[in-house]
Structure formats: structure tokens, C-alpha cells
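Novice: So the chains spell out like this:
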Amino acid sequence: MKALIAMSGGVDSSVAAYLIKSQGYDCIGCTMKLYHNEDVGISRSRTCCSLDDVEDARSVAYKIGMPYYVFNFSDGFREKVIEKFVRSYESGATPNPCIDCNRYMKFDKLYERARILGCEYIVTGHYARIEYNGERYILKKALDETKDQSYVLYSLTQEQLSHILFPLGNMKKTEVRKIAEKNGFINAEKPDSQDICFVPNGKYAEFLEYYTGKSYPAGDFLSTDGAVLGKHKGIIRYTVGQHKGLGISTEEPLYVKEIHTEENTVTLCKEQELYSREVIVRDFSWISGVAPRGEIRCKAKVRYRQKEQWATVTPIGETSVKLVFDEPQRATTPGQAAVLYDGDIVFGGGTVVK
Amino acid sequence: MDCTNERRKIYLDNAATTKMSEAAIKAMLPYMDGIYGNPSSLHSVGQEANEALTSARERIAKILGCEPREITFTSGGSEADNQAIISAARLGEKKGKKHIISTAFEHHAVLHTLNKLEKEGFEITLLDVHENGLITAEQVRNAIREDTCLVTMMYANNEIGTVQPIAEIGAVCREKGVLFHTDAVQAVGHLHINVKEQNIDMLSLSAHKFHGPKGVGVLCARKGILLTNLIEGGAQERGKRAGTENIPAIMGMTAALEEACAKIDENAVRLTVLRDKLIVGLSQIPHSVLNGDYGHRLPSNVSFCFEGIEGESLLLLLDDKGICASSGSACTSGSLDPSHVLLAIGRVHDIAHGSLRLSLSEENTEEEIDYTIKAVKEVVAYLRGISPIWRDLVNGKKEFITK
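Just so you know, the sequences run in chain order A and B.
Take 1 as the starting number for the first sequence in this note's numbering and just add one per residue.
Take 1 as the starting number for the second sequence in this note's numbering and just add one per residue.
Isolated chain A, as found in the complex:
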């Protein structure tokens, strides 16, 4: 059996490659080149970080003994991930581009390439598990819950799940590093990546201004009853729930409640006003491929680092749902993913609208 391993140059995908190779698969390693430093405003004089990553991945692939290729997917990445990220920010939302990258690049574009190369499987270093229950594929959280990445994988279809292997799903990060060290991988000690890869140091506003060439005009901060509280520095600088960096001093601390693109205003509120129980989610995909017929009870989370909370879920057509949490949730943010769980099992997910 042939497998195509998506290698980022990090320790996780390197160990994933090693494990799959050890299981006897005929392996090909690859790295997707997703953008050019100059295009996203990373200076050319700085070491090209993505090229360094390519060299790390190549070193590991050769060490394991598999052919290695770099695929240039920068066109698709620009269109499907960066542009969408920009539009989302401009509309006042706070997107999660890693989800789109998984959906459109790793498990779509790369899978297409895998098929061309005659590979049955795509392998990645994600911490999540895929199981087959005799009828269909199930996406489950990683055994190591502290590393679980099932949240960013909710969009996988049955077809995709049947062609994916996540060899790290049952492992702890410490074990992964040990394997890397034991095998002398160049990246055994490399720190985990944190930021969005094309937005260095988390400077979103700078990235957006550089990429679009636009400047985002100042506007009014409003109170919930419409009174002007001060001036904001352009809507792209704010995210729902934000308190720091507003530059407004009031007796009671204020938080971003809503961002209104058309009026170019940002509505602020008190902490307790950030809480709501109801969330509308669109672009929803069910792992099983079909929406449940009626209301279901399950747990849900609306941001990556959040503990799941009980909610009642009502499908609206095939691709939207309404979530009603048992307890009010703080600062549900448009653009983020809402993902539903039954214990370890992922039901599906979508994008928070409001």
C-alpha cells in the first residue's frame, strides 16, 4: 500500500512518517509550499522560514528512506485560505484559516496529488483518531486530550476519512519527541508552531494592511444603546470579547460585543453582556454525511481552547444548525468554528455566524 505523508518540517509529521514507514507502507514524503514570504510581507532578507522547514522535512524523509517532493500549492492557498481569511476579517469576523487549509489543501488538493501518484492514503501528524465502525468512519479526539486537534478536522467527509491515517492519534507528545530523538531527527527539539503560518507573530492587522494594500479607517466605539464612546483604529484590529488595547477608560471595564462593517463601528459592552446561549452556525458538515432528523443533545465548543459544554442542537436544513447552550457562553465569536462532540466522537462542525 502506498501512502503520501504531508510533512511540515515539524516533529509531529516527521514521526508520523516514521511510524507509517515502519508499518510497511510504501511511502512518499512531501511538503506543500503554500506561500512566498514576499507575498505575505515576511522580508526576503530574513531566512525564509518555509524553506528551512522544507530542508528539515527533506532531511527526515531521506533519513527514513523515502522519496521526497515539494509541491507548489501557493495558488490554491491564496485563493482558498488567505483570501477567505482576509474577507472574513474585513467582514468583522475572526476566522480560523487552519481549518480551511485542512479542508481545501491537505485533504483535497493534496489528496488529489496522492491519487495521481497512486497513493491510497494521506498521512499527517494531526493528533486525532479515525475508526471504522463497520458502517462508516468516525472521527475521534486524540488519546492525549491536551494535544487533541479534532477541532480543526470537523469538515472531513466519509470519503476523505477512508483515505487518511493519523498515526499520532494514540500517542503522547512526549513519546513522539522520544521517537524523534531516538532516530536522530534534525527537528526533535523544534518547538511546536503556535501562530498562523502566514501571519508571523500574530500581527493580524499589519498582515491585512500589507496584503490588501488598504488602510482600514478609524470609526466610532458605540455603547449598546448607540452612544459614541470614543474612536477605534479600524475594525480589523478588534475581535469579539477583546478588552485589552481598546484605549478607552471607563469605570466598569468594556469589551467588544459586535463589529459592524457597514457602519464601521464597534459596539462595546460590559462583561456580563458578552454572554449568550444561542449560536447560529452555517456551512455545517456532519462527519456521518447526513444531518440528524431532529433536535439532538450533545456537547459543543465554539473556540479551540475551550472545554465542551452541553447544548441542544437543531439542524436547519443540511448545512446550518442552531446551538442552544445549557449555560450562557462568553463572547461567541463569528468566524470561529463550532464543533459538536459526543464524548470522544466528533459529530461535525461549522462556522459561527452569530
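Take the hints with a grain of salt, since some may be wrong.
[As the list claims (entries may be wrong)] Capping the alpha-carbon separation at 25 Å, the derived lysine-lysine pairs in PhoX-like fashion look like this:
#1 B:K398 to A:K80
#2 B:K196 to B:K223
#3 B:K116 to B:K98
#4 B:K397 to A:K109
#5 B:K9 to A:K2
#6 B:K403 to B:K377
#7 A:K80 to A:K109
#8 A:K147 to A:K299
#9 B:K119 to B:K97
#10 A:K109 to B:K377
#11 A:K257 to A:K233
#12 B:K9 to A:K63
#13 A:K203 to A:K231
#14 B:K263 to B:K19
#15 A:K109 to B:K398
#16 A:K257 to A:K244
#17 B:K397 to A:K80
#18 A:K84 to A:K257
#19 B:K95 to B:K223
#20 A:K178 to A:K190
#21 A:K322 to A:K354
Because the hints were derived from the structure by calculation, they are not lab data.
In this text the structure is predicted, and so the values were computed from the model without any measurement.
Please arrange chain B on chain A, whose structure you already have, making use of the hints.
Specialist: Leaving out everything else, chain B in the frame of chain A:
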């Protein structure tokens, strides 16, 4: 001739690099353990090495039609290009001349150096290379201004193989009193070159493109042209290129160059037959187009674009069939953007993406060419069969760009 299960290697990427010739390898060996001295040393071991270096310089000068002192050994073509352009710019600057003429499809060693100079305040004119990938001496004449300090044009293009009228351009430059540099990395050892007769002031070459070793090349610069150092240090190469000379590589290069130049005509005849067979074969693929002028092209170069496929996938599947090809020039990441060369000859983005370059050497056989034609046909058909873009083209949802 089964194209699917055969384990064989057909190397068709000789514009990227070539296999070293036996003559070159043999010429290098004595200088690794026997004659290992530093040519700058006073003692006899050093003298022996210096003798070898001197003879290599003479032999190369003879082939290029210049004087030995006009030869500067470098680490390769890129360094030679950099040094030639920077030197001409510094000379021009002194006279207040800050205009340089080049083309849009030069090698990056040239283009990036020009970008650097542009940031310093130089003005760069890039001549149109037309759809056939050729410029004329007339274009150069019309572009030369009072303040032009350099014309730099590649002799033969590394991706599409077009050969420029270098002697004519040289004559125009000489007449106008403008320095003329040519990046001849793809041409030396494959075409007859004489820098004096062709009025070439500076020429760059690289050994590994004609079966010599990697990491060594030459900047040939007419005497009287003061070179600017890129590397400071000792007094090697008349003080213009510091660093102990790579004698084994220089000896290998010299032997390779002599061998290649002795066989230019013989090889050209043989390669042209193979090349034309490939061109005819691949032209049968519908919606394909040959890149670069047919008449003025290297005997070794075949460059095609196939509509509706990605060059990257094409290369992977050809590799699987044992065929080593390229979609354009080799690049650090091993992956490619639509090449600036193909964009320069007016290929639109979607077409430029589906490019394939096959560059031959005299070791290739007719049987290999037959196999390659069959394999490319199969792979293109397969990729089109699974391509949604191709489906749209066939259904008429999108319009074909090529015939």
C-alpha cells in the same frame, strides 16, 4: 516498450546539469593527491599546481578566442554573472552612466543582480523577447542611450533554448561604445563561440553544463575592463577573485570544455535528430504548444506547454516511469511557479503551469526518445482524464487557449 513497469532511467534534464565525462574525471584525479599544492606557494609542490592552473587558463582562452589574462575562474555561472554586471555598473557609475539593457527572460543570477542595482538607482530596460523568444540587434540599437553602461543578454535561454543573434548584438554594442555581457552558460560547449569575433566584452560560463564538475566556472572579461571584487582576500586571479583556486575542478572543466568543443558539430547533428523527433512526437498531443523559436534553438532543447494539466504532476509521473525531466529551471524548493521565461514569451498563467522541458545530451538514444514520447502522451492523457479543468474545457465551459 512497456511504459508502466519498467525500472529504467532516462536523463533528460541536461540543462539543469550534466553527468561528468570520463575525460573530466580523469583530468581531476591527479590534482587531488599527486599535484595538490597551492598555486600561490613558492615551493616546487606549489609551482606544479601553478603550472597546471596556467595551462588551464591558456587552454580555455584558446577555445574562447581570448587571452589567458582575460579568464577569471569563479565558483560558477552565477558568480560570473554577478561579477560581470556589478563591474560594468561600477564602471558606468563613475562616468554618470546608470542605464542597463537586458531582457525579461534572463537567468535569476542576472535578473536579481539587476534588481539590486535598480534599488541603488540604476535604470533597467528589459527588452521584449516576443512570442518566439528572440530579440534583434535592432531592438538593442534602439534601446541604447547616452547613459547606457551595459547590455547583458543570455546567449541561449535555459528554459526554451532560443539562441540570440549574439554577434550582431555585439557589433551594435561595440559601435555604440557600450559594454556587452552575455550569460553563455547554456551555450558554451554546445555552440561555436569566439568572444573576439563576436564582439563579446564579458562572457559567463559554467562547467557542469558541458560534462564538467559543479562549482566552477569562468568570467571571461576583455582586458581593460576593471573588474569589481565580489570576494575580498588574497591576490588570486590577479586580485579580482580571492580564495585558493579549485585546481581539480578547473582541470576537470578544461578537459570537459576541450572535449565538448571538439565534438560540437558531431553532437549537434546527432542531437538535432533526436530533438526534432521529440518535437514532432509531442506536437501530436492535442492542445500543446512548443515554446521558443524552432529555427534558432539549442540542438538539445525541447520545451512544451500542455493545456489543462499541472507541470508538477506531469514530472512526478514521468519520474515514476524513469524519465528525469523538468518543468522549467531547477529551483531551491524543487517546486515551481509559472516560469518568468514562459510568462515573458506571453504564455498565460494557465498554460505556463503545464510546462515540460526535456534537455538532451549526446548519450541519449533514439529508443529513449521513442519511450519518452509514448510516456509523455500517456501521462498527459491520464492527467487530463482526471482534471476538472480539462473536463470544463472539453465541455465548452471554458475556452481552450491553445489549438
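Novice: Against each hint, give a clear statement of whether it holds in the structure.
Specialist: Hints versus structure:
no.	hint	in the structure
1	B:K398 to A:K80	holds (21 Å)
2	B:K196 to B:K223	holds (11 Å)
3	B:K116 to B:K98	holds (13 Å)
4	B:K397 to A:K109	holds (22 Å)
5	B:K9 to A:K2	holds (22 Å)
6	B:K403 to B:K377	holds (17 Å)
7	A:K80 to A:K109	holds (11 Å)
8	A:K147 to A:K299	holds (19 Å)
9	B:K119 to B:K97	holds (15 Å)
10	A:K109 to B:K377	holds (24 Å)
11	A:K257 to A:K233	holds (16 Å)
12	B:K9 to A:K63	holds (23 Å)
13	A:K203 to A:K231	holds (21 Å)
14	B:K263 to B:K19	holds (16 Å)
15	A:K109 to B:K398	holds (21 Å)
16	A:K257 to A:K244	holds (13 Å)
17	B:K397 to A:K80	holds (21 Å)
18	A:K84 to A:K257	holds (23 Å)
19	B:K95 to B:K223	holds (19 Å)
20	A:K178 to A:K190	holds (13 Å)
21	A:K322 to A:K354	holds (10 Å)
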